[in-house]
Amino acid sequence: MNKPAARAIAVAAILGTVAATAVAVPAAAADPATQTAAPFLAPFYAELDLTGDDQVTIADLDAAALSIGVTDTDPTWASIALIDLDGDGEITVADIASLSQRVLYDDGPFELLEASVIDMQAAMNAGVVTSVDITQEYIDRIAAYDRTKVDPSDTGRPLNSIITVSEQALAAAAAADAERSENGMTSMLLGVPIALKDNYDTADMVTTGGCGCWNINQTATDAFMVEGLRDAGAVILAKAALDEFAFGFVSEFSSFQAPGTSLLVASPYSTSRTAGGSSGGTGAAISANLAGIGFGTDTGGSIRVPSSYNQLVGIRPTVGLASRDGIIPLALSQDTGGPMARSVVDAAVALDAVVGVDPADPVTVRQADLVPESYTASLDANALQGARIGYVASMIGTNATTVRLWNETRATLESLGATVVEVSGSAAFTAVLNEGSGSNNEFKHDLNSYIATHLDPDVTARSLPGIVAEGNHVPSRLSTYVSRETVTEETYQAWAGPQGSHTKVLADGKVLVTGMLDSLDLDALVYPSGNPYGTQSTNLRLSPNTGMPSVTLPMGQATASEAIPGANVNLELLGRDFAEGTLLGLAYAFEQATHARTSPALYGPLQ
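To convert, note that position 58 of the sequence shown is 58 in the numbering used here; the numbers rise steadily by one, no gaps.
Think of the hints as simulated: they come from the structure by calculation, not from any bench.
Think of the CB as a built atom: it goes at the ideal place given N, C-alpha and C, for glycine as much as any other residue.
Any given hint could be a false lead.
Just the calculated beta-carbon pair ranges, DEER-fashion [said to hold, decoys possible]:
id, residue 1, residue 2, range
1, E490, A381, 48 to 56 Å
2, A411, A431, 25 to 33 Å
3, A428, N407, 21 to 29 Å
4, D86, R410, 32 to 40 Å
List time: in silico EDC-like cross-link candidates among lysine to aspartate or glutamate, alpha-carbon distance up to 16 Å [to be verified]:
id, residue 1, residue 2
5, K510, E435
6, K504, E435
7, K510, D577
Just need the whole structure built from these sequences, with the hints factored in.
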């Protein structure tokens, strides 16, 4: 028997169905010259790539199989040494078996509930499911669960998390399946269904901002971040509910409701309670497994509040990392969009797709040369080893659940090799935390700019007075619209102009907090994002009042003996500008040690 045949038999014996189905891989996928370069999940699924396509595929296994028996004395050793995974100086069957674990391929049963992007890609690569299958199942879950009261308690409510389901989603999923068939997996988001907060412009769905006054706002273009998602092959599945025009934390909206009425978004863990806001619909939908990954926006806490209430990972990026163009603004001094996901991996993959310099949002020029090829390269279960983590004691608060979870979290961080350092507060630090949101003085100015550049010409409510006159908005917001209309251009400039008081506080806050990190050689500051179904003092203001990035993720839930049994509390990590990779690495290490997220029992698999 010749050597290639022997190698093939050996590989087939080890890889089983993986090798057996190698013939099903398109020729284009096996030819590195035809591959589309893209950031893939690194380093685990990318670092041992032999064929130059930034991922480990069956083509790599074929190439590796041809090297079985080669030793470190062979002249070709340098080109294959990276797959000597047991370090014995020879490429053996054991090395090929280990390499096979780096292939995103799983032909076992697929369960949509809590499925990550890795689970989806592995199942789609194996042909177990298609993007059309996954998209249809999410559509079915939305139909079954979103506007239906499934909570049997007297106080139970429907989720009300989705405003619009795309009529183009299944066609987009079919296109993703065709791309995979012809070129293999060209992106970690290829075919993954995404829910967007309904303040992101989409050329194939209306963008209401949560207001019935804009029910017909069909924009001509996608938001910049949405373009990135589509370019990555993601399926834009639905538009998620939000607090009308992103004002508050209760997620009350009037879109497609009778004038003078509104709906509230509910938490899937306790439907009598709010899902938080303003990105509450995204939070509830992703937590209840109505979509794969979600996107929200955050001005003063609108990604991080619903992430905490709904046991999700949320990223509030550095202001300037992701363009805000095509997103209905609240206050551009602090606005930023970011992912909300069930895992750190999913959040990192999603962030990869939406960053970039955009001339329509000049602040994004700050990111030049500061963005990695993929944030997933930072995901290391040992990232906390040797890290220095700071906290300010006053930010922990006194809530019994939060204090207990913080004490447990601190012990976990230290057990994983981190040094946890108490950082002294100061009057200047307190002033940063106490600076108000820009939404009062900036909303009218920034909304008028969006109206002038993006709003559908057929929409008649083209100003705050127009919204009031239309009469199709959340009733309790009337006084807010009236008061914000009185803000003059002079007031705006004195607040948010180049020499404005708010502008100065934000700039000084960035310098102050960066100095705190630098002086103690800290990798991050940590603090609770909130308390069970509530906020913790002004913690949420630290990131928006400095423009610095933060990542929030579950650290645990209240016990049966505590005030709100089962209620979640998130840990937030804040770091230097454009240090999202560092924060995601720390968050990933904590997540892998704790696995604190639970799936909401009311929204299990469809029967």
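Structure-based check of all given hints:
| no. | hint | in the structure |
| --- | --- | --- |
| 1 | E490 <-> A381: 48 to 56 Å | holds, 54 Å |
| 2 | A411 <-> A431: 25 to 33 Å | holds, 32 Å |
| 3 | A428 <-> N407: 21 to 29 Å | holds, 28 Å |
| 4 | D86 <-> R410: 32 to 40 Å | holds, 37 Å |
| 5 | K510 <-> E435 | holds, 13 Å |
| 6 | K504 <-> E435 | holds, 11 Å |
| 7 | K510 <-> D577 | holds, 9 Å |
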